[in-house]
Amino acid sequence: MQSENREEELIVIRAKLKELLVSNLNMEGVTAEQIKDDDQLFGEGLGLDSLDAVEIVVILQRHFGVDVKDMEQGREIFRSVTTLANYIYDTKQGQK
Amino acid sequence: MNVAGMGLVHTRGRGIAALEQALEQGWVAPATVEVRGVDPGTLPVYPVSAETLTDKTVLAKARRADRFTRMSVLAACDALDDSGLSPHLDRSKLGVIVGTALGPHATTFSFLDGILDFGDAAVSPTAFSHSVHNAAASYIAMTLEARGPTLTVTHFRFAFHQALILADIWLAERRCDAVLVGVTEELGAVMQHVCARMLHPAADGRIKPFAFSQKPEAVPGEGSAFFLVTREAAGKAYGNLTDMTCNASAPTSGIDLQILDACGLTHNEQPYRHLVIPTVPVTGYAPLFGSIPVISGFHAAVAALMLKQQRVYAAPVRENPATILISDTTGPKPLSNVLCSSLDDAGRYGVFRVTNGH
Amino acid sequence: MTEPVFVSGMGVVSAAGTNVPETLVGFAAGRRNLSRTTPRLTPLDFPIFEAPTLLGGFLAGSRSLRLCGHALSEALAGAHLGPDLSGYRVGVCLGTTVASQLNDIDFYTAYRQTGLPELGPVTSFLKGNPAEAVARATGATGPTLTVVNACSSSADAIGVAMGWLRADLCDLVIAGGTDELSRIPICGFRSLSVFSSEPCRPYDRDRQGLNLGEGAGVLILETAASAQRRKVTPTWCIAGYGAACDAHHLTAPRPDGTGLEAAIRISLTDAGIAPSEITFVNAHGTATRDNDKVEGGVLARMFGPDIRVLSTKGFTGHTLGAAGALEAAFTALALSEGWIPASPGFENQDAEIPIGAVRERTTISGRWALSTALAFGGNNAALVIGRCA
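Residue numbers (this note's numbering), protein chains in the order written: chain X, 130 to 225; chain V, 308 to 665; chain R, 48 to 436.
Hint data in this document are derived by calculation from the structure and do not stem from the laboratory.
Ideal Cβ placement from N, Cα and C applies to all residues, glycine included.
Don't take each hint at face value.
Claimed, not checked - DEER-style ranges, computed between Cβ atoms: (1) V:Thr-559 <-> R:Gly-134: 22 to 32 Å; (2) R:Ala-271 <-> X:Gly-158: 40 to 50 Å; (3) R:Arg-159 <-> X:Asp-219: 49 to 59 Å; (4) R:Ile-152 <-> V:Arg-538: 19 to 29 Å; (5) X:Ser-132 <-> V:Leu-423: 32 to 42 Å; (6) V:Thr-559 <-> R:Arg-276: 24 to 34 Å; (7) V:Ser-643 <-> R:Thr-49: 49 to 59 Å; (8) V:Asp-397 <-> R:Leu-102: 45 to 55 Å; (9) R:Pro-130 <-> V:Arg-538: 31 to 41 Å; (10) V:Asp-362 <-> R:Pro-302: 27 to 37 Å; (11) R:Ser-383 <-> V:Arg-580: 25 to 35 Å.
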């Protein structure tokens with residue numbers, strides 16, 4: 130039951146994340162639908178950079194109420210939409 | 308120094324062709340924006356359209372860029388492109404100077420929105436980094452691979468003159484083989500509000516450069532004008548920018564045409580009357596571009612174009628209570644010396660000449 | 048090589064001291080005057096380097112202007128000049144970041160809430176362009192320019208001033224920079240994740256980021272002919288200036304440091320000096336992971352691993368638009384005093400950086416030193432500073 134809820138919530142979080150990434154990072158020529166869950170966000174993947182990384186921190190704060198305290202830890206979290214969504218879900222579970 | 312290429316972004320479009328078209332067509336009525344809290348609740352403005360600022364190729368590296376930066380990058384890239392010199396320039400000797408009075412203020416306010424809406428700990432780093440005045444220069448350098456010195460300078464009235472003086476020095480010292488020197492100003496919503504309250508908006512939508520009024524009328528505008536300048540004649544060789552100063556009297560002999568920067572931004576434009584050289588036709592194109600603190604840059608472009616074409620464009624608005632000699636026809640005319648004259652509120656006189664070297 | 052320009056007076060104000068003598072005492076003692084942000088400034092809690100409250104002064108208006116006026120008074124006195132410069136050919140070139148922005152948060156809050164804010168802050172802003180304000184206050188009639196090149200602003204301002212003097216546009220220039228602590232860069236730099244929650248540790252293995260500071264540095268620059276006419280004997284000179292852009296990224300330095308390297312090479316050529324003649328480098332050394340790594344790599348490559356390096360940001364914090372001028376002044380003072388202070392916050396060398404900073408007060412005897420600045424937007428600036436005799 131728990132894991133079904135988790136997967137359902139993650140689907141919602143991932144969809145919301147994609148919309149926010151496209152609009153807040155001004156990802157021109159990319160639509161939310163085109164971003165795959167496991168696409169690499171930085172470098173060769175979607176081509177995001179260090180300034181986008183800190184902007185994503187703000188997206189997480191403003192829209193999910195989740196903080197990223199340590200940018201080093203962030204490297205793993207920021208790999209893809211999947212890892213970001215997992216981090217958001219797990220952190221929010223931890224806050225409950 | 309030689310003007311090898313020019314790029315402009317203004318209310319009538321982008322590029323030299325749009326400039327020519329605007330000069331041929333003359334004055335057109337400004338747009339109107341709503342401004343809260345002031346009577347009559349509207350302000351005439353000359354804005355740059357979003358469409359003008361769309362260019363997926365030139366702005367490919369500027370997805371995050373704000374309007375101020377977009378205007379600057381487009382004008383600077385067009386100036387380099389116009390010169391045809393791009394393939395031959397040593398990028399380590401290509402400098403960039405951006406002059407502005409007010410900088411990217413809309414982004415500063417957008418950053419303040421972040422503080423007010425989300426608190427100090429959840430502000431946008433992108434907004435912050437773009438609110439820093441030299442973001443536009445940085446984007447120009449990135450887009451064009453310009454690795455010479457890059458500098459952003461502010462002065463409320465003579466940013467263009469000061470930028471030109473510096474470009475001239477960089478060329479003379481051989482720090483640079485070419486410099487992209489230009490000016491940018493944007494007109495955000497807060498600035499519109501400030502303009503509506505601090506200036507005298509022109510009810511009829513006309514800036515009157517020759518009214519020499521103690522309450523000069525303004526139609527706030529925005530845009531960017533860039534020049535690729537070189538030591539020797541190169542590129543399009545529009546003419547030479549020379550005699551830039553903000554603290555000396557201007558040369559008055561041998562001038563064929565005088566352009567006045569009067570555009571409704573100084574408290575009192577009466578002193579402009581004393582700058583007019585009696586025997587020389589006078590003109591002023593602020594009514595086409597709007598009241599812009601760096602209007603001098605736009606006037607330099609018009610002067611350079613006229614020299615290149617050996618053609619004058621009639622002053623777009625010609626109200627003439629002081630009955631001075633106004634340049635009132637459009638057509639071919641031999642030109643070798645155009646003087647651009649500007650005044651600030653303290654009575655300082657800014658001036659430069661555009662000549663074709665004859 | 049081109050002619051050097053001379054420094055006939057200088058004034059400094061920062062958390063390290065309100066004038067030159069006080070600053071030197073603090074440097075010798077290794078004193079770090081850190082305080083913390085106050086709720087008046089921001090709800091965020093971070094260490095900062097706040098300059099002391101200043102009474103009176105040369106310039107009224109914003110804190111940035113008052114800081115500038117304070118440093119200007121000391122600089123003019125050092126140069127044997129009075130406050131009225133209308134009899135000379137004087138230019139004014141100052142760097143800033145905060146003073147160039149209309150960023151008054153009360154004004155903007157009122158605009159959002161009522162739609163009809165008081166326009167006082169706008170009027171102050173329009174009178175507050177530092178170079179224009181100083182020109183008005185001193186009667187300077189030469190070229191007047193405020194440089195807004197982020198963190199290299201006032202190093203570049205000194206470079207611009209050199210250009211004016213060498214081109215004979217004026218005989219004297221008031222050159223430098225000023226910035227007050229402000230909520231905008233505090234929030235902004237924090238959001239970029241480059242803020243340290245502890246006292247900054249430039250070049251240290253465990254550095255976490257920068258602390259912001261405030262202050263002003265003003266140098267009276269002068270041609271040799273003008274100094275001779277005025278019968279003053281300057282102690283220092285600026286012999287070379289170099290600037291070059293990374294053309295890489297808005298907020299990150301080019302990893303290979305080639306932009307900084309170009310700026311340093313140009314400054315050395317401009318001064319006609321070999322890298323081996325540089326006694327020490329007052330590095331930009333912000334204590335961010337990226338800056339120190341890139342800068343350290345370049346300095347090691349150009350000057351060898353034994354070059355003496357310090358970052359005075361451990362004493363002042365990062366004073367943004369004032370940093371280049373303050374650090375130029377500190378560099379000049381070290382040359383005439385014959386020592387450099389221990390670089391505050393440096394303990395352990397970083398394995399990723401081939402050089403470390405000086406750990407103790409070090410005697411020096413050379414004539415030439417280098418001061419560097421790396422800015423947001425990718426501009427790099429370098430100044431070669433000399434002792435006259």
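Now for the hints, and whether the structure bears them out:
1. As the Cβ distance of Thr-559 of chain V to Gly-134 of chain R is approximately 27 Å, the hint placing it in 22 to 32 Å holds.
2. With their beta carbons about 58 Å apart, Ala-271 of chain R and Gly-158 of chain X fall outside the hinted range of 40 to 50 Å.
3. Restraint check, Arg-159 of chain R to Asp-219 of chain X: a C-beta distance of roughly 37 Å breaks the suggested window 49 to 59 Å.
4. Remark: the range hint 19 to 29 Å for Ile-152 of chain R to Arg-538 of chain V is contradicted by a beta-carbon distance near 46 Å.
5. Checked against the given bound of 32 to 42 Å, the beta carbons of Ser-132 of chain X and Leu-423 of chain V, roughly 41 Å apart, stay inside it.
6. One distance hint, 24 to 34 Å for the beta-carbon pair Thr-559 of chain V and Arg-276 of chain R, holds here, with the actual separation near 32 Å.
7. Between Ser-643 of chain V and Thr-49 of chain R the beta carbon distance is about 33 Å. The supplied range of 49 to 59 Å is therefore violated.
8. Our hint of 45 to 55 Å for Asp-397 of chain V and Leu-102 of chain R holds, since their Cβ atoms are close to 52 Å apart.
9. Between Pro-130 of chain R and Arg-538 of chain V the beta carbon distance is about 40 Å. The supplied range of 31 to 41 Å therefore holds.
10. The beta-carbon spacing between Asp-362 of chain V and Pro-302 of chain R, approximately 29 Å, falls within the hinted interval of 27 to 37 Å.
11. With their beta carbons about 54 Å apart, Ser-383 of chain R and Arg-580 of chain V fall outside the hinted range of 25 to 35 Å.
When each numbered hint is compared with the structure, violations occur for hints 2, 3, 4, 7 and 11.
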